[in-house]
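Q: Chain by chain, the residues run as shown.
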Amino acid sequence: MIVPSSVQLEAQVKDQELIRFIREQNEQTEYTASHCAGAFLLGESGVADGSRLVTYCGGSESLQKAYPKVLVQDDTLYSVVQDGKFISSNGNLVSYLASLDLLEKMAGKFQRQRVEEELLIHKLIEHEYSELHH
Amino acid sequence: MKEKKLRHIGVLIFDGFLANEMTAPFDVFTKKDSSGSQLFEVSLIAKQIDSVSSEEGIRYCRIIPFPMF
Numbered sequence: 001m002i003v004p005s006s007v008q009l010e011a012q013v014k015d016q017e018l019i020r021f022i023r024e025q026n027e028q029t030e031y032t033a034s035h036c037a038g039a040f041l042l043g044e045s046g047v048a049d050g051s052r053l054v055t056y057c058g059g060s061e062s063l064q065k066a067y068p069k070v071l072v073q074d075d076t077l078y079s080v081v082q083d084g085k086f087i088s089s090n091g092n093l094v095s096y097l098a099s100l101d102l103l104e105k106m107a108g109k110f111q112r113q114r115v116e117e118e119l120l121i122h123k124l125i126e127h128e129y130s131e132l133h134h
Numbered sequence: 135m136k137e138k139k140l141r142h143i144g145v146l147i148f149d150g151f152l153a154n155e156m157t158a159p160f161d162v163f164t165k166k167d168s169s170g171s172q173l174f175e176v177s178l179i180a181k182q183i184d185s186v187s188s189e190e191g192i193r194y195c196r197i198i199p200f201p202m203f
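Line by line, the protein sequences give chains A and B. Numbering of the first sequence is given in my numbering, commencing with residue 1 and proceeding in unit increments. Numbering of the second sequence is given in my numbering, commencing with residue 135 and proceeding in unit increments.
Isolated chain B, as found in the complex (with noise of 0.2 Å):
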């Protein structure tokens, strides 16, 4: 049960983004299934590398700008 390619989910973030937007995703999609097997892979994505601020100031810093996507 190794190194399956999981479907991919990008939300895309940008200043300003609603942060329970971008949670709804991933806390509907990182869940594993009943054997336990992850079914996929979450990543948040942007234009550019340094962070991205939602509107109620979160700060997302581990995202993957545009041209690695």
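Next comes chain A alone, as it looks inside the complex (with noise of 0.2 Å):
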């Protein structure tokens, strides 16, 4: 189960019927991962208490304070925390990553060589700005 996160996050929190379904869910999964703010529905939901979460940039200490059981991990240092059937990120673009590591975790090394070089994820990472004059 994939969370991702949502700009109405306020109305998901209190949405007790998605958390309901987080947390019946998570009694099934062989994983289960959060970006962003998504971490927010995990705390909430109480699945991740105990467990190492990350959550979106600048949104570590609201996370902590809101779910104290959930070991809070810092946005400056780590993109992608795995821990255990929890893998948490920074969400946006780092969302890529973390489905990386966690095809990787699924499918072995192999596969996530193969669908970084189908998604072209290296040249995210190698590009500089240049431009072509005539």
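Honestly, the hints are just simulated from the structure, not real lab data. Keep in mind that the hints are not guaranteed to be accurate.
As the list claims (entries may be wrong) - Reference listing, derived: stretches of chain A covered by chain B, where coverage requires no fewer than 3 residues with Cβ under 8 Å from a Cβ of chain B:
| hint | region |
| --- | --- |
| 1 | 2 to 13 |
| 2 | 45 to 58 |
| 3 | 74 to 84 |
| 4 | 89 to 99 |
| 5 | 127 to 133 |
Claimed, not checked - In silico DMTMM-like cross-links for lysine to aspartate or glutamate, where the CA-CA straight-line distance does not exceed 25 Å:
| hint | chain 1 | residue 1 | chain 2 | residue 2 |
| --- | --- | --- | --- | --- |
| 6 | B | K166 | A | E30 |
| 7 | A | K105 | A | E30 |
| 8 | A | K105 | B | E175 |
| 9 | B | K139 | A | E17 |
| 10 | A | K14 | B | D184 |
| 11 | A | K123 | B | D167 |
| 12 | A | K69 | A | E24 |
As the list claims (entries may be wrong) - Here are some of the chain A residues that sit facing chain B, going by a computed Cβ distance under 7 Å:
| hint | residue |
| --- | --- |
| 13 | E17 |
| 14 | L18 |
| 15 | E61 |
| 16 | L119 |
Because the structure is a prediction, the values reported are computed rather than measured. No residue lacks a Cβ here, since even glycine has one placed at the ideal position from N, Cα and C.
Hints are included, so try docking the two chains, each in its own frame, into the full complex.
A: Right, dumping it as structure tokens:
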């Protein structure tokens, strides 16, 4: 199960049906992932109590304050955190790195490399601004 | 090579979700392996069956509602 973030986070956190769904599904998942403020939904559901999670950049303090039992990791140091069945990330484009990490765990390094090549991930990292002049 | 039960990646969405956080697992988990086999089944999951809008205004309609998951 992968839980992304929402700009309407307060509404999602208060959505008991959503939170219950996350809690129930987590009992069956092999892995539970969050991106960005999705960590707050894992926090609210209580599934990640005692587990390490990272959230969006600048959000660590409020996540820790809202959910004291979650072991919140410093978002300035970690972009993706794996702890047991949980994998959490800063979100946005870092979600790709987190998904690739999870893919590697589930399908191996070779498949990760195949997917990275297909997505042209290396081009994003190596890109430098340039213009052709005629 | 048929009807092998694929591992399911369920991506939860709700109004206001970030689109790239949803496309990341689709991009990464739907690619086939070197033998051309699909490895995962990737779906969107949402509470309601009607459409869900991302922060960027993209609407997704092909979703599995909670009770059917």
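Q: For which of the previously enumerated hints does the structure constitute a violation, in increasing order of number?
A: Violated hints: 2, 3, 5, 9, 15; rest satisfied.
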